[in-house]
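Trainee: Turn these sequences into a full structure, and let the hints guide you.
Protein chains: 2
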Amino acid sequence: MKQEKELYRDFLRSKNLKLTKPRLIIMEAVFENHEHFNVDDLYEQIKKKHKNVSRATIYRTVPLLVESGLIKQSLRCESKDIYEHTYGHENHLHFICENCGKIIESGFSEVANLIDTLAEKENFKISEYNLGARGFCKDCQK
Amino acid sequence: MKQEKELYRDFLRSKNLKLTKPRLIIMEAVFENHEHFNVDDLYEQIKKKHKNVSRATIYRTVPLLVESGLIKQSLRCESKDIYEHTYGHENHLHFICENCGKIIESGFSEVANLIDTLAEKENFKISEYNLGARGFCKDCQK
DNA sequence: ATTTTATTGAGAATGAATCTCAAATGCATA
DNA sequence: TATGCATTTGAGATTCATTCTCAATAAAAT
Chain P
43 MKQEKELYRD FLRSKNLKLT KPRLIIMEAV FENHEHFNVD DLYEQIKKKH
93 KNVSRATIYR TVPLLVESGL IKQSLRCESK DIYEHTYGHE NHLHFICENC
143 GKIIESGFSE VANLIDTLAE KENFKISEYN LGARGFCKDC QK
Chain D
43 MKQEKELYRD FLRSKNLKLT KPRLIIMEAV FENHEHFNVD DLYEQIKKKH
93 KNVSRATIYR TVPLLVESGL IKQSLRCESK DIYEHTYGHE NHLHFICENC
143 GKIIESGFSE VANLIDTLAE KENFKISEYN LGARGFCKDC QK
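Protein sequences appear in the order of chains P and D.
Start counting the first sequence at 43; every next residue gets the next number (the numbering used here).
Start counting the second sequence at 43; every next residue gets the next number (the numbering used here).
It is worth saying that the hints were derived from the structure and are not from the lab.
Note that the structure is predicted; figures quoted are calculated from it, not measured.
Any given hint could turn out to be false.
Copies of the same chain look alike in the list, so a pair counts if it works inside one copy or between any two.
Said to hold, decoys possible - Only pairs whose alpha carbons sit at most 16 Å apart, straight line, appear in this in silico EDC-like list of lysine to aspartate or glutamate:
#  : residue 1 : residue 2
1  : Lys90     : Glu132
2  : Lys93     : Glu70
3  : Lys144    : Glu164
4  : Lys63     : Asp158
5  : Lys114    : Glu140
6  : Lys90     : Glu70
7  : Lys180    : Glu162
8  : Lys180    : Glu164
9  : Lys167    : Glu132
10 : Lys63     : Glu170
11 : Lys47     : Glu70
12 : Lys122    : Glu170
13 : Lys167    : Glu147
14 : Lys122    : Glu147
15 : Lys47     : Asp158
Mentor: Structure representation (structure tokens):
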């Protein structure tokens, strides 16, 4: 957590952005959690613990966290954008069980390498991978 | 196109749904195109042919086409749900440009093979792949 | 401490997707 | 071919996540 905070500070500084109280509160809330989250989750979490931060500010700050590389946008869920940590978390691909909703995380680098090659062929510069599959986990196949 | 229409008819019949004019117009519009599309694209396309169908009906009909297996939901683009054909189309992965929204399709089987191996390790049975990356196409990098 | 400039909060605005309901249509039956 | 009825449609209203606006506030530069 120390490190995330440092990285965040550096990022803000490098962009000439101010290190404001709401920005700190939001980033702390983000790293209290180790699950996927959406803006509303953050809002409620912050409301419970700290002083309030407006939804508008959360909506404005989350993209900064994404840009800083600390989190990334994940698959949408229930019509909401959801996010997941990237810092300190291996990139991974998701297997999502259509029956029980379980998310299984699996290897990544081999796949990413392959994708990189394909992207190069198209002259495409990747900023974020989106890799996974839906199906049935071992408990939900009968 | 003949076949798609047949499959669609059969699907509707099997669900005791009526083969109405709007449903036919929409499915024809869907299969005129060979690109990814969203509801608005369909609406405009249909309007051009002077066969108006309301947006509400398109929103109601697209899920039927998905359920029938003729199309599937693809990655979101510009805050809109987008769809792609599945019937008669190879699986592929998407590179989506964050700037201009262009979707580049690229190889698939090598990646899919790799993913299959990973899925096997987890004892996971894949029913649908979800493979791609966001970034910038060659025209949108400066 | 004062000035400058970015940031915030609150609510309004936007826009995709969904819902409502009276009118229209498909289709089974006579 | 006409009748009856359940389904479907269109148009607009509604919802809800996200973005925008702008006056008030806070950070940091001087």
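Trainee: Now look at each hint and say whether the structure bears it out.
Mentor: Here's how the hints hold up against the structure:
Taking the closest pair of Cα atoms, Lys90 and Glu132 never come within 16 Å of each other, the shortest separation being 29 Å inside a single copy and 49 Å across copies. Only within a single protomer do Lys93 and Glu70 lie at most 16 Å apart by alpha-carbon distance; the minimum there is 11 Å, versus 54 Å between protomers. Proximity of Lys144 to Glu164 under the C-alpha cut-off of 16 Å is restricted to the inter-copy arrangement: shortest distance 12 Å between copies versus 34 Å within a copy. Within a single copy, Lys63 and Asp158 get their C-alpha atoms no closer than 39 Å, and across copies no closer than 46 Å, so neither meets the 16 Å cut-off.
Proximity of Lys114 to Glu140 under the C-alpha cut-off of 16 Å is restricted to the inter-copy arrangement: shortest distance 14 Å between copies versus 21 Å within a copy. Within a single copy, Lys90 and Glu70 get their C-alpha atoms as close as 13 Å, which meets the 16 Å cut-off; across copies the closest is 52 Å, which misses it. With identical chains, the CA atoms of Lys180 and Glu162 are at most 16 Å apart between copies only, with a shortest distance of 10 Å across copies and 36 Å within one. With identical chains, the CA atoms of Lys180 and Glu164 are at most 16 Å apart between copies only, with a shortest distance of 8 Å across copies and 36 Å within one.
In this assembly of identical chains, the alpha carbons of Lys167 and Glu132 never lie at most 16 Å apart, being 20 Å within a copy and 23 Å across copies at closest. For the homomeric pair Lys63 and Glu170, neither the shortest alpha-carbon distance inside one copy (29 Å) nor that between copies (42 Å) is at most 16 Å. For the homomeric pair Lys47 and Glu70, the shortest alpha-carbon distance inside one copy (8 Å) is at most 16 Å, but the shortest distance between copies (54 Å) is not. Proximity of Lys122 and Glu170 under a CA criterion of 16 Å is satisfied in neither setting, with 19 Å inside one chain copy and 19 Å between copies.
For a Cα distance limit of 16 Å, the shortest separation of Lys167 from Glu147 across copies, 14 Å, qualifies, whereas the shortest one inside one copy, 24 Å, does not. Taking the shortest Cα distances, Lys122 and Glu147 never come within 16 Å of each other, neither inside one copy (19 Å) nor across copies (26 Å). Taking the shortest Cα distances, Lys47 and Asp158 never come within 16 Å of each other, neither inside one copy (30 Å) nor across copies (38 Å).
Hint compliance for this structure: hints 1, 4, 9, 10, 12, 14 and 15 are not met, and every other hint is.
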